[in-house]
Amino acid sequence: MKQLRTAVLYTIISAVFLGIAYPLVITALAQWIFPKQANGSLIVRNGQVIGSQLIGQDFSGPGYFHSRPSAAGDGYDAEASGGSNLAPTNSILIQQVEQRVAAEQVGTAKVPVDLVTASASGLDPDITPAAAYYQAPRVAKARHLPLVAVRKLIAQHITPRQFGLLGEPRVNVLDLNMSLDQMHY
Amino acid sequence: MTANGWLQIAVFISAVLLCARPLGVYMAAVFERRRTWLDPVLVPVERLLYRCTSVSPEEEMRWTGYAGSMLIFSAVTLLLTYLIERLQQFLPLNPQHLGAVSPFLAWNTAVSFTTNTNWQAYTPESTMSYLTQMLGLATHNFWSAAVGIALAIAFIRGIARKEMKTLGNFWVDMTRAILWVLLPICVVFALVLTSQGVIQNLKPYTVAHMVRPQTRAKTVNGKAAPTAALTQTIAQGPVASQEAIKMLGTNGGGFFNANSAHPFENPTPLTNMLEMMAMFLIPAGLTVTLGEMTGSPRHGRAVLGAMLILWLIGVTVCYWAESQPNPLFHGVNQQTTALQAGGNMEGKEVRFGIADSALFATVTTDSSCGAVNSMHDSYMPLGGIVPLTNIMLGEVVFGGVGSGLYGMLIFVIVAVFIAGLMVGRTPEYLGNKIQAYDVQMAMLYLLIFPLIILGFSAVAVLTPHLGLPGITNPGPHGLSQILYAYSSAAGNNGSAFAGLNANTPWYNLSLGFAMFIGRFLMIVPMLALAGSLAAKKKVPESSGTFPVTTPLFTVLLTSVIVIVGALTFFPALSLGPILEHLLLHAGHSF
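These protein sequence lines are chains A and B, in that order.
Sequence positions in the first sequence follow the working numbering and run 1 to 185.
Sequence positions in the second sequence follow the working numbering and run 1 to 590.
Pulled out of the complex, with its shape left as it was, chain B reads as follows (with noise of 0.2 Å):
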């Protein structure tokens, strides 16, 4: 670990923190429909779409008609998806004819767009055509995005709501989300991002005359025979479009296979601080919409300090633990100079060294975002576990844009009923008392992600010539690579241990019912809780009120996280990762 390293990590969590609050009382005005600079642009475009679509923006709607638009919304958009991949050859804006996408194959990719995960089990670069990846893909990573945001939303009303029956109109919010939020957000920081390098036309591969040609044994029909290779040919794109609304919406689907490791992702070190914090920018800025929405910006404030705490405690584990040199390794110097970062640099690029891809795997795990700038299968033990942690406690370390407030807020249903067991009173939260019904709906929503990962996961481990033959990775790394994809998919990330061959029948389904439980299963207690909060009477703050904004309730709400976490997933983690650190210190390889 260097100063250096520490310092880009201070900035980055500075920056991040600097743009939350102007961010986050912008959106409270965007979505209690106040005036907000961009109205005399945006309000003639929003009421056009309104009149297309005849969608009444002042129509409020119950619980179960939110529920109701999204999950109708996301068939339609997921249908769209499979469609254009099925036909891709047919359609334009296909300069390297690449063929249609096979049916599972295609079924998992619109299931993991559609629900925010973007888990990819294929090479896009040689898989997807320019218009499934604009049309087809960069348009999910819209939606969802929005989608979430959405529900964030309406789950805020339904705390600072009284005795209403109603949670605002999908359809404005999701509106909103994307032309006053992530629009604006995404086309300056497309441009940035080209300035940078990344690149942006609709080309055909273009076929670069080496300067030195390689002479490399290629195998053909079975047989070695060495070939010479006079040319590279470099797969173009329009990426940084795709690139800024992949990173801001927490989608992470890489527009090529090596995702933000690839230069033309994300060539500088500059593009990567700006695709770390736009991962932060909206989850951090909610927290503060949070506040500002409920007339509490204290309690918003006590929130992020949660989030805070575990992601210091992430990233300071998997700093530490990538900086770390491989035992097993001889001749080969692995010590931090001034000329070079040393470290676990196995699947990690140089201009990034560790602390830069340490600090990316764990914002990219803390949100729902997925997208990598280095492998993590080939992360040490304890580097890799940091991801995988995260990815398990639920994603509210920050978390998705949307998914990872209203999950946070989940936790502190069950933070604030723990307290009031403690004290022996009805917990109350923001002046909603929560009875029997509230904490059964936000039990059910932490039950159903742990009962997809471990489920899933055991299926894939105990039926054979299911799930172990996709394993890359031998011993207890296998395992690790299992929970990882199941995690993942659960958690709607879209990460993974990527050694795992997961583009099998049983994975591309099994992976896709495990998004999409994880998102719409997970989302309907969620936004009925919410709803349940609107209805209730508020009752005024009393002396026996637990409060919800001080450093106490932070440690109170991190302390739950944890130990929900901890209790439910520990002993598959020793299983995995914290056995493979043991046996890689005993000299073990396998």
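Okay, chain A solo, but in the shape it has when bound (with noise of 0.2 Å):
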């Protein structure tokens, strides 16, 4: 009986003690020392929300680099989360791949593999600089740009590996179609 009340008590005082001071010292924290970070690293363009740094958006048509294929709610859903899960023998995997070659694929050259697939957050904000100098062709000629100028616009948005060993290089597509659109004026 008195482990019982002890364990009740316990219980008691460190869940609130964990549940509810510490996270909400951390968030006066963060807040505090990080608040652009702490709240999702959103981009203000004209006092709207146009999204968020991290957070990936769709992007359809010639004129736009496309995002990766998403399986969040109908794409992109930022409420739903989440990888496709297909197995690499789902036969609804392969079509879908096969679908989105078609819908991708610039003459005879082979599309990069991250642009078929679907990512494991379905929020992926980026692609691969390969599946970036892809597309440039598309969207040069979309845009009646020179590929030279286009191909450039790439190469200032590849994010090198971070402290030039961590992780992969890669292309923010949100940031790189703002600078796309506004070389368009």
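These aren't lab readings, by the way, just hints derived from the structure by calculation.
You may find that some hints are simply not true.
What the hints assert, rightly or not - Simulated restraints, written as ranges between beta carbons of each label pair:
1. A:Ala109 / B:Pro95: 45 to 53 Å
2. A:Leu9 / B:Glu58: 12 to 20 Å
3. B:Asn94 / A:Gln99: 37 to 45 Å
4. A:Ala142 / B:Leu202: 36 to 44 Å
5. A:Gln95 / B:Ser14: 39 to 47 Å
Backbone N, C-alpha and C fix where the C-beta goes; we use that ideal spot for every residue, glycine too.
If you follow the hints, you should be able to join the two separate chains into one complex; please do so.
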């Protein structure tokens, strides 16, 4: 009986300490030291939130760089993150990839794999440099821009490995497309 | 595979090993109640807590008392979480006005977090309120991790003590694990995560007006209706504080459905590296604590050696398999070049590529964490076999905080016993004669585990309408999905071949029981063994004693783990991932 009393008291006290005080203290510190990051690295244009630096958005049409396929909700649903969870032997996956290849293919060159496969989060903000360069001719043509200028823009937007070591080189699609829009005008 | 990939793997393990020794020595001091530099701040808090909860810190417990306290505490915390989930619509900090969690799901989730499993049969961002996440779930990340550490410390005391009936005080060990080990690291870790972009707020979800509005065919009432999506609703929440303990406590329950693949949980390659290190940090440190508290640091290193060997095999196979192209894709460039990682990118994030994803998958299943930064269900057959096998080996390769070490020490007992049989002497382990009762308890621990996995999987596969409708990847992969689910539950891992539709009454109930048995029914024989060891007279080492401090012992221990695992699970694995591998390369899809 004494053990039960201890267990109940211990649960209540430590729950308040670890479940309320700890996250609130961290929230206060985070909001004070890193307010931008703590609130989602939001991008504001003309007083309106247009997205997050870290959360991918869907782009379609020939004039924009396309993001990766997304299995989050109907695509890039930031309330329902997740991957397709399709196995490599699942015929649904094979079919999907076939359709995506048909949609993305330029000439006869093979399509970079990240452009035809769904990401883990469904919110991947990045594509590989390979996938960006692959789309350059299409984007340049649709926007009547010289190919060299578009390729240069991509080169400027490549995020290298962190500290030259960690992760993989990548291109943030939202960033790239926003710069592209500015180039247009 | 690339040189950069291997370099990252080398940097990861070096960093873990560098931290292991100072942390392990520190933990030994914490649990032997010697002075540490945090004492001036924490001792008053500790004393106050004991006074409020009427704990007498000097009172030692026998193994039965220790187990009893642990079980009562777990039951009370489980009930608390169940109630919070069921009542969240009446409670504060619910800006999205989410309703009550259904009873089956609430039971499953409460068990899942109490047992350090963190299996999630739901989409958190649309199911759990901020209060439920903070007070109902993140608290368990601390408690279940602290319970694990306490149990490992009790087991180490059992080995080290002679002719004593007690193993320590459960409440004291747990309190010290929380205050001295978990909380200080978490505060620093959470802020580092935030600096990289992990969110930490209590705001309602943000509505963003997208750069390029989308027109897509949405199904409304069964009819296709094109709708213009102008906005993107971005989920928010107190993520960093939960992320830190989720990784450090090897819990693994994501704030978001995509877990550590979600850019708000794991935004950069640096956070990814730190999250992986956090999973191995305490388990690696505990091997040093083992050496310190038993007075045989070389034994601690021999155990760590076995973990390193098994880790390296796992990561090598997984990295190799995931770097391979999918032979069923046509017109797709899957080459590894300077401009792309190539390989199997379905269910992986570009910022992590192949190396960081394969390493994460290996680490999260070596430890009993279960967080994922890529979707294991979409792994190549021989890539997915690595996480599955890691769990089936009992998560003793580093393992969960505490649970990994005591699981490993059970294998140590078995290895010592086998060595004793080979030379025909009564086996000894650090001065303890290993007798029939000890081996029985060790075997009980080792047998319960496969029994849950294979037993439940068999029922799920063979009974119509129970397990099979949940399968989403037909063919041999379907069996892998079910095997993975029960392995993950029994091993208290929590990762999944997540395509499996597990939010059904059958899966919620049966996986809940698997988690329950996999935690508590295995802890009881483990503590009984610890109690038995503590009571023994110590025998001095002689020339006939099989040394547990040498590379030879490391090899023997590794072999015992692999052989036990292979004998138990190879038939099931051959019908799942191995068959799938062969069929994939024969050009079959399902």
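So, going through the hints one by one against the coordinates:
At about 48 Å, the CB distance of Ala109 of chain A to Pro95 of chain B agrees with the hint of 45 to 53 Å. Restraint check, Leu9 of chain A to Glu58 of chain B: a C-beta distance of roughly 19 Å satisfies the suggested window 12 to 20 Å. Asn94 of chain B and Gln99 of chain A have their C-beta atoms about 40 Å apart, which keeps the hinted 37 to 45 Å range intact. At roughly 43 Å, the beta-carbon separation of Ala142 of chain A and Leu202 of chain B lies within the given 36 to 44 Å, and the hint holds.
In this structure the supplied range 39 to 47 Å holds for Gln95 of chain A paired with Ser14 of chain B, their Cβ-Cβ distance being about 44 Å.
Violated hints: none; the structure is consistent with every hint.
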